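Engineer: Each chain is listed here by its residues.
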Amino acid sequence: MISTFKGLNRLLIGGTGLAIALLLSFPLIANQTSNPSFYLQIVSVAACSSILTISLNICMGYGGLLSLMHTGLQMAGGYAIGILMVKFGWNGWLALVMAAVTGALFAVIVILFSLRATYLYFGMITLAVNLIAMEGVRHGGELTGGYDGLFGIFAPGIPDGMMSPSAFYLTVLTILFAVYFVQRNLIRSGFGRNTMALRESSETATALGISPSMHRLKVFGVSGAIAGLAGGLLSMQMGYAFAEIGDLNNGLIFFVGLFLGGVGTLAGPILGVSLVAVIDFTIRGTAQYRTLILGAILLTTMIILPRGIVGTYRASRYGSPRSREVMPGEAENYKLEIDVKDVTNGEILLEAKDIVKHFGGVKAVDGISVQFKAGEVHGIIGPNGSGKSTLVSTLTRYHEATSGSVILFGEEADKKPFVVARTGITRVFQVPHLFERVSVLDNVLTGMYRRDNYNIFDAIFRTSRYRKANSRSVAEAKALLSLSGMLEIEELAAGSISHGQKRLLEVIRAVATHPKILILDEPATGLTQDELNSLKSLIRKLAKAGMCVVLIEHNVAFLMDLADIVTVIQNGKVIAEGAPHTVQNDQRVIDAYLGNTDFSKELA
Amino acid sequence: MSLQVWIDGIFVGSIFALVALSMTIVYQPTRIMNFAQGEGFILGAALGYQFIGVWKWPLVTALIVLIAVATIMGFIMERMVMLPVQLSGSKFAWIIATLAAALIFQSIFNIRWVNVSFSYFDFFDKDIPIFGATLSIQKLLVIVSVAVIYVANELFLRRTLWGRSIRAIAHNPDTSTILGIPTKPVIKLAFITGTVVIAISGFLAAPVIIVAPAAGLFYTIQGFTAAIIGGVGSAKGAVVGGMVIGILDSVVRSWLGGTWGLFSTFLVLAAILILKPTGFFGKRVEGR
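Order-wise, the sequence lines are chains A and B. Mapping of the first sequence onto numbering that gives the first Met the number 0: position 575 corresponds to residue 574, and the numbering continues sequentially without gaps. Mapping of the second sequence onto numbering that gives the first Met the number 0: position 105 corresponds to residue 104, and the numbering continues sequentially without gaps.
If we strip away everything but chain B, and leave its shape as in the complex, we get (with noise of 0.2 Å):
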């Protein structure tokens, strides 16, 4: 097994990765996980496509641009899952909320930008070379992208008051409304940064994989996939989960060809649902 096929099992998990982040990221004060988040990389795959490929604008006015529109993205996806969550009632009202918001975008993607794959070039057009096998710095952006947001994500946690609220609304969205803490504003910000985030990650992303963009929900289940593997509502979990599928998917792929990769991933989602449901790092619920 050589070098490479890890070197590109570390950046293909780093994307699922950023994408379990970004689902933990909502997940944390809300308890839903979004179907609709693999939709915020497409937006960074696609303006990116738009801005640097077509536009050629520089990379700065596009980076600017582009936080912009996924703030705009995720005020509206909160709303789209929300609004239909709190005033349903049904326990199912978000899985089929999400599910809606993504299909929706999915085709808001389709039909703008129909029989377009989204790639473009490289920011910075080099290779580093490791014993024998090759890593390109855009690549390499990636993969520090997740520690990157990670440390961030850890550190708002705990040093912050808006970081120490959402763990409040983790545990106890009832007693953090009585004791004054704005729950709704801080799902908002939890669905904003959760889509800056991953639309970043697209951004970064797209000019080494080709995009398509009804590609969405794909990135989705493979975060979903991540998020349950590391333990739904953990970062450490998520982004484990991420390592484990991306490098599982490079070695299967390289061992026995294309679409063994992703059966196999599936296959391991399916085991830790029935062994061990919390995954590695997530916490058990007493009771039922």
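For reference, chain A alone in the conformation it holds in the complex (with noise of 0.2 Å):
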């Protein structure tokens, strides 16, 4: 079965150069027909959609963003090269870098405008600015061609004149590469592993640090900026730049070569785009049926392969990411170090004070004040619904109080929770929040987001200072795993692992973040003994470096054990707080748990 699989994938690697070899030698093919200028165009104008599927691929495969719009990114880099290069006389290459910056700048321009929109309403929202931007172009009277559009665009030769088929065909080739390049650098990075967080959990991505609105501003800018070079390109090949561009029934194409070869995958869209237009260019003499066709090419796909070609390749046993061994020895490379910086044991790290939570009439936290202190593990208690989770979540702004304040590290807490995040406080949730269809490694280097000192270019680019900072957190990565006996199955899916497992990896993650408060929500649920006794050494190293651990627990043995203080909830009040010992044996708390059916005790 392994050679079985070395085997396939030789032959997809054989494959993909054979295939590549042909596309560069193509002009040379293309001259032995009778019209090699038809034949030509047809590949680059492949070429420039593959782009642009790329482009899409980035915002919807990858950020699990909704864009009915690319065609008006594509439409206005085109009237971008259009104006500049007609119009101004400005160099078709320079037009082009412009092409970009104007696809980015309209895609931020949507995204700034639609931060408060959630998903369905922001794919609305790119529909109505497509429509918008259609009908702006052909109103634009002299300086869009109105009705007309633009003619006149060509690609220009270098040093001058105009650049022949073949070059230009050369050229936009070259450009395709680029840009998967850029893709797959963006995506295996931080950028990527925040984007994919962003899309499959927006609150966790939020609790680890990571701010919604700057980085879909990021994903969409870099989405609109490859989807404007794609809409240069393709006026510079067409010639021409009008309206008509930008209508969604244009968009088919991108579509269906995105499922086709699969989205959110890095070799889907360009497999795709060339599938469709291949089809494409053998259904060529019946163009009424063109989107019957492609219509039902899609339709089909989703049914029948939905994760697209390349998406089912992955799925599949020859594909998918298997668990490796440790070899012997490696576990020492990594050694883990935790220090908690800049705390003196004992300090009120996170204080509550009054806080007060209504859910319309339930009042879920009535006035509870606690101090959780560095250093310590601070166990919280109480029957199911006292209010224990809701007080978590108000210290870390992800519910807003209804009155009362939280002091961290003695200012009045931020309101933004990815801002409190950022500050110090790494929360647990207690329904497992991992990235189910990221690795098991990629869930513990998101966590590690807010130390990554490179942006975009440094990861593009795979500049020395993105390199260092990637095996550092890697490294370090590895060693929380090899902690906790994870190294082996660091290549999986976080979706595909038990549920210990993924429990582990969720506190595993949070620890990455370098958390001076760190708030385990029922981290005990499910684990067998032995990753209970892992868990509890963990727990006990990370207060002995300093860090506040705030434990809620339902495991009272687990719980007494491990905390130095307790404090007991009970309808949204503290009933008491002390000592385990001093808690498990005050009568209030046995009431609380136990129940109390004796009024008179009540009464008196």
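The set of hints was computed from the structure by calculation and includes no laboratory data. If you're wondering where the values come from, they're calculated on a predicted model, not measured in any experiment. All clues stand as given, with none of them false.
Mimicking EDC-like on lysine to aspartate or glutamate, the simulated pairs with C-alpha atoms at most 16 Å apart in a straight line are: (1) B:Lys90 / A:Glu199; (2) A:Lys540 / A:Asp560; (3) B:Lys235 / B:Glu153; (4) B:Lys90 / A:Glu435; (5) A:Lys540 / A:Asp338; (6) A:Lys415 / A:Glu399.
Rough simulated footprint, nothing fancy, chain A against chain B, three-plus residues with beta-carbon under 8 Å: (7) 78–84; (8) 269–277.
Note that CB positions come from ideal geometry on N, CA and C, so glycine has one too.
Fit the two chains together into the complex; they arrive one by one in their own frames, and the hints show the way.
Structural biologist: Okay, here's the thing in structure tokens:
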């Protein structure tokens, strides 16, 4: 079986090499036909479509942002080139750069206006923007050529004149490969991880300190730039720019290509668009039926091959990641040093003052004041529904407190949850909030986002700043995984590991954020005895290093063994607080858990 | 601003309201905004043209056959949309599937009725004069349909068991299934009802406005716009939203000319999405 796997892999690599060679030598092949520029144009346009589909893949496949304005972005890129070249006499290649900038600006403006929009509404906004943009260029008068559009766009030769079709073809192909690598480098970096984190679970990403608005801006901006570039190239190829380029009908080919190839895969867009281009060429005599056929292919693909070709391969036995063997002695490479900086033991890191939180008529938290100190394991227990998780939610600003204040490191905590997360609190939720389709290792690496000091350009060009930061992060992530015995499964998708492993992974990811305060909401649920022991020793190490660990638990034995101080909550109020032993014997606590039917005691 | 402009606005608004209402009917149990809904409108216009304009059938016969065909179309559309959605697991599945369905139906209409605009004669060739403006009976039919469909939908949702099932599914599909509510047949019913409603609308409206075979997406977008302005998922919102854009379009058009009418509705859409995304009567979702 392994040999089949290796054999298939070699076949794919060989096949790709062959395809690239074929594409590069295509001008020679085309010259043998009676109409070389016709065939060159078909492949060039397909390449432009591939570039646009990569852009769509970045924002939709990886980013989870539904965009119905990519045809509009393409149109904008074409008009940018058209206006600059035809109306202002700019050099075409400079104008091409501006086409990318135009696409990016257009995309950024749309995001800025729709920060508050959720997923569906964002899609609708892009649809509306697309329609407005099309109408806008139609009414642009002299500048945009009105309903007729702009003509006379061409690819300038170097140093002057017009570029030959073959030379332009090779240029477009080169740009396509470059864009592919940009996509690949971005996705396989902190930028890509954050993008996927936001797609999978916006709340978790926020809890790890990722700013949703800022990041969406970047993702859509990059996507817009590439789309603008594609549009510029297309207009250079066709020689004109007009409003109909923005029509949603034209966008069908991109969606078909993207879904056929595989949404959210690196190679999917190019493969899918190539196939669609071939199909399109084959049915070229029957223009009316084109939409029908393409639409039918799209629907069929979604039913039979929902993950697309590349996605299905990746999910199959041959293409999916597998657990590996840990080499003997490898664990020695990954030693973990946990060191919580800038705190003194016993210092009050987080304080709740008279927190009240109402949900309509329900008083979830009814006046609670607690102090959380460095170097302590602070347990919180109480019956179901007593307000433990709500309290913690208000402390991390995931919910807004109705009244009361949250003092973090001596100051009132910021209102935005991701800012609070960045200041040094990390919370592990009760329900697993892993990024299911992302690998175990990548999940941990996402936690280190705040400490990555590189930017988009570093990631794209793999500068030394990126490489240093990356190897440091990877080493630490592997050390954490090694500590919990999960190094073997680092490649597996987080959604496919066992429940106990998922819980441990969440805790490790939280630790990777180097918090000063770690909040664990019922982490022991579903863990085996071995896993419980691992968790206990990890928590002890963390507290010893100076971290404040807040532990909400129902597993009383587990908690009492670990905690330095325990707060008991019932009906939204604190009913007892103190050392574990004292609290365990407090009558009020016993009554809260076991119930009390002696009414006379209550009335007295 | 003459009264005629307002009357025309209400008429056009009624068309958009009917589109938006049919979308709401589909949206409620599925949480899907159907891009292909507008194609049902074209079906109504196309069959009206074919049955009444070309084959000269009696009105009642044409209507009955139309409803039968619309039922079949609704059923097919449901399969075209829900199969990919159920199998895909991707959160974009519904939008791509409905978009693909829309384009497939559009091309079918284009192929079958090449170079045709759907126009036939009014059913009752009479006009009602109102303070100097005129209101044809045909237009009045469309306007009245809005009220009829709205009331029928509300009664259905609140008074019948099927209706209550739809509301339950709208709140929580999984719990509904556990409680024994047949979600799949209810969804099929929603698609079929939505398609029948919009097909009848097209059938009634086509004599007045000339409908092109490829216009499905246009009506879909207007329906979306109306639904969003009024609040997605709210029938009241669908009607109000439709009226808003119909009247706005008519008024701006008489004031500034042709294409500005549409442009202004898109601007209102963008404004609502930015300022109050849930529209007038929509519900807010906590978190996120």
